[in-house]
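J.: Sequence:
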Amino acid sequence: ASDTRSSATSCNNCAPGYFTSTTGSTYCQRCPRGRATAFEGSNYCEICEKDEYADKTGSTKCSKCPANSERVLRVDNVLDESFSSILGINITQCLCISGTYSSQINTTHAD
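The opening residue of the sequence shown carries number 3 in our numbering; numbering runs sequentially from there.
Be aware that one or more of the hints could be misleading.
Restraint ranges, calculated between C-beta atoms of paired labels, are given here [to be verified]:
(1) S65 - Q31: 16 to 24 Å
(2) Q31 - C98: 28 to 36 Å
(3) E42 - Y103: 38 to 46 Å
(4) S27 - A69: 38 to 46 Å
(5) K58 - T102: 22 to 30 Å
(6) F41 - A69: 26 to 34 Å
(7) T11 - T59: 24 to 32 Å
(8) D53 - T24: 29 to 37 Å
Keeping only pairs whose Cα atoms sit at most 20 Å apart, straight-line, the calculated EDC-like set for lysine to aspartate or glutamate is [what the hints assert, rightly or not]:
(9) K66 - E48
(10) K58 - E48
(11) K63 - E48
(12) K66 - D53
(13) K63 - E42
(14) K63 - D53
(15) K63 - E51
(16) K58 - E72
(17) K52 - E72
(18) K66 - E51
(19) K58 - E42
Treat the hints as calculated values from the structure; they're not laboratory data. Heads up, the beta-carbon is just placed ideally off N, CA and C, and yes, glycines get one too.
Please take these sequences and the hints and turn them into a complete structure.
T.: In structure tokens form, the structure reads like this:
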């Protein structure tokens with residue numbers, strides 16, 4: 003009996019902002035919000051630090067929150083993102099830390 007399985011003729015790196023963690027994958031996924039990768043060929047996306055955010059999918063880097071602010075939740079897995087939507091908390095939103103305030107309402111970040 004002959005082997006009828008085929009093999010890949012070329013394997014390409016995922017672009018920055020994309021990843022695949024599956025062997026034999028035929029496509030790359032965008033990094034989810036709250037994560038980023040600046041590298042080609044990534045098999046995962048880094049979680050943004052507490053004082054950083056990535057408010058778009060496919061981010062190549064996390065951006066710093068404005069001074070005296072931080073994100074409410076650290077995204078450790080997909081469940082955190084689902085849980086935050088149930089609570090009505092935006093995981094990419096930088097909020098003023100205790101003892102500070104902002105007159106801006108519903109802003110995800112300040113430039």
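J.: Holds or violated: K58 with E48, Cα cutoff 20 Å?
T.: holds (14 Å)
J.: Starting from the hint 28 to 36 Å, judge whether the C-beta atoms of Q31 and C98 obey it.
T.: With Cβ atoms ~33 Å apart, the hint holds.
J.: How does the Cβ-Cβ distance of S27 and A69 compare with 38 to 46 Å: does it lie in that range?
T.: holds (40 Å)
J.: State, for the Cβ atoms of E42 and Y103, whether the hinted interval 38 to 46 Å holds or is violated.
T.: At roughly 42 Å between Cβ atoms, Y103 and E42 fall inside 38 to 46 Å, so the hint holds.
J.: Between K63 and E42, does the CA-CA distance stay at or below 20 Å?
T.: The given pair, whose Cα atoms are some 13 Å apart, holds under the 20 Å limit.
J.: If I claimed the Cβ atoms of T11 and T59 lie 24 to 32 Å apart, would that claim hold in this structure?
T.: holds (29 Å)
J.: CA of K66 to CA of D53, is that 20 Å or under?
T.: holds (6 Å)
J.: Between K63 and E48, is the straight-line Cα distance small enough, at 20 Å or below?
T.: holds (9 Å)
J.: Is K66 close enough to E51, meaning Cα to Cα at most 20 Å?
T.: holds (9 Å)
J.: Holds or violated: 22 to 30 Å for the Cβ distance of K58 and T102?
T.: holds (26 Å)
J.: Go ahead and decide if the range 16 to 24 Å is satisfied by the Cβ distance of S65 to Q31.
T.: holds (21 Å)
J.: In this structure, is the beta-carbon distance linking D53 and T24 contained in 29 to 37 Å?
T.: holds (32 Å)
Checked against the numbered hints above, the structure violates none of them.
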